[in-house]
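Trainee: Using the sequences and the hints, build the whole thing.
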Amino acid sequence: MIAVRNLFKTFWQPHRVDALVDVSLSIAAGEVVVVIGPSGSGKSTLLRCLNRLETADAGHVFIDGVDVLDPKTDINRVRAEVGMVFQSFNLFPHKKVLDNITLAQRVVRRRSKAEALRKAEALLAKVGMPEKAASYPDQLSGGQQQRVAIARALAMDPKVMLFDEPTSALDPEMIGEVLEVMKALAREGMTMVCVTHEMGFAREVADRVVFMDGGAIVETGTPEHFFVNPEHGRTKLFLSQILK
Amino acid sequence: MRTPSAPPVSRRPRSDYIGAAGFFAVLFGLAAALYAATMQVDYVWRWNRIPQYFAYQQRTELRAEADGEIEAVAARGDRRLITVKSDAGVHLFDAPAEGVRVAPGESVYAGDLLAVEEHWRPGLLMQGLWLTIQVSLIATLFGVVIGLFAGIARVAKNPFFRWSALTYVELIRGSPLLVQIFIWYFVLGTLFNSILAKNGLNQIPPLWYGVAAMATFAGAYVAEIVRAGIQSIHRGQNEAARSLGMSYPQAMIHVILPQAIRRILPPLAGEFVSLIKDSSLLGIIAIRELTKATREIVTVSLQAFEMWFICALLYLILTFSLSLCVKYLERRMVV
Ligand SMILES: Nc1ncnc2c1ncn2[C@@H]1O[C@H](COP(=O)(O)OP(=O)(O)OP(=O)(O)O)[C@@H](O)[C@H]1O
Ligand SMILES: [Mg+2]
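Same order as they appear, the protein sequences are chains A and B. The numbering of the first sequence is the numbering used here, which starts it at 1128 and goes up by one. The numbering of the second sequence is the numbering used here, which starts it at 28 and goes up by one.
A portion of the hints provided could be inaccurate.
Said to hold, decoys possible - Derived DSBU-like pairs (lysine-lysine); straight-line CA-CA distance at most 35 Å: (1) B:K354 to A:K1259; (2) B:K112 to A:K1222; (3) A:K1199 to A:K1222; (4) A:K1310 to A:K1286; (5) B:K354 to A:K1223; (6) A:K1240 to B:K184; (7) A:K1310 to A:K1222; (8) B:K354 to A:K1240; (9) B:K354 to A:K1286.
Note that these hints are calculated values from the structure, not bench results.
Mentor: So, in structure tokens, the structure goes:
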């Protein structure tokens, strides 16, 4: 489904940072991969390279066999198949919840108004807030906004969903509602790559956990492997800090 | 004993009244001083002469062309059709009912007054005001279009667009509007019109060079306003739109610009207030807008003091009503 081959990415501004150093990773269809690692370890950069929000310097990314980094690839078509959920939600504040979910269906998928609406309403019900269709994003709580953002991404019928710390900006009491939606999605067989520090979530639904540090993948394995006997010292240190 | 529950009286602090009184005293004092000064130089204020420059009544007289007889005065709504029969034939005159000076059966001689018609005509001041409004509106319209494209080009990835827009903006903002008007009229205008003349085509009147100068001038400032507006929208908005598969133009049109417009509107209004005022420079290339019209009236009437005050007041009315319009729009756009 997703194949990352020897990916490199260096930022030069404001000073040199090697954000990705020779990263390779394969993700099968239906797999749920959780990416963990300390701040600045390149987790977001990796995720953003998958849909070319960030352009890698060297290496390859294949999604469903399509070479994402090839300049001849129609990146908008790739992105339509790859949903992304951001830490800061990034809902469109000038549009109502329902219109947030229908917009890309209309302009990218060219669906009819009725079809887009039907889809949007079904997804709003799925994320548990059908009554908020006519609200504006800033009238919702953080947890509700993030669920709308997930619905917005799902409306494109993506093959893959990328989550970049979807619960980090939320108050603790709202984290659960977002994780529930993500778990349901995982159970339905969605291919997911999640950057998150929610270890409960990782333990429950992840097929694989990837630990990154300093722009490289240090260790990867099943959740059991990670939480029972991680190999690397850095992994142990990180886990002991985060599980405290 | 007094009841303790007297209704609370909201009292303005004394200093408010003193301040307000002071304000009006100074205002009145200045007006009085001005009046006194004009008395010193024997200036005669003649406000009664001013209205004619807003509108005046034009009188047209209908006169018989040959000796003859009034055959009929037929009613047509509130107008009358006068039929004059003479050796030269039958002539018809159309006049308002209240202006008819003859009756059927009367005989008339050549040159006799048949009817008068009085029309209200806009005075020079009104014509100038109207031209100022027109020029400002058209220049605004083109200015917004130019500015929108140039502003979007300013934030484009492609260096061709980015550098072209930057060059345009810096060129325009780096020289006085007056000079730009001269260039448009005396350089570009001469070139265009000579080429047109060579090819047997009609000349473009100065008005359009003036409008072009104003529009390109406003466009550069609008471009900067648009650029700032676009850049004020959080990067995450663009990323969210693009991650859904929208193209750059789609993200611009559906996500970025609608949000940017709200931030663009207030400074844009300020820009167009300036544009209205700057249009007063167009007089120098023989466009008779409000300021030029005022100057012409001053030359004829010699009522310089009244005219210049009126002129300033008219600009004030224009700019103030524009500000009100924009305030209204802004309030409607807040969700
Ligand atoms: N646009 C950018 N310009 C410059 N440097 C960047 C940029 N984006 C990321 N970096 C740098 O690259 C490194 C990796 O960043 P990244 O955001 O991928 O880390 P992360 O693992 O997601 O961290 P966090 O947990 O804090 O989100 C960091 O040192 C960061 O400062
Ligand atoms: Mg991150």
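Trainee: Now tell me, hint by hint, if it's right for this structure.
Mentor: Status of each hint after checking the structure:
no.: 1; hint: B:K354 to A:K1259; in the structure: holds, 31 Å
no.: 2; hint: B:K112 to A:K1222; in the structure: violated, 75 Å
no.: 3; hint: A:K1199 to A:K1222; in the structure: holds, 33 Å
no.: 4; hint: A:K1310 to A:K1286; in the structure: holds, 16 Å
no.: 5; hint: B:K354 to A:K1223; in the structure: holds, 24 Å
no.: 6; hint: A:K1240 to B:K184; in the structure: holds, 33 Å
no.: 7; hint: A:K1310 to A:K1222; in the structure: holds, 28 Å
no.: 8; hint: B:K354 to A:K1240; in the structure: holds, 34 Å
no.: 9; hint: B:K354 to A:K1286; in the structure: violated, 47 Å
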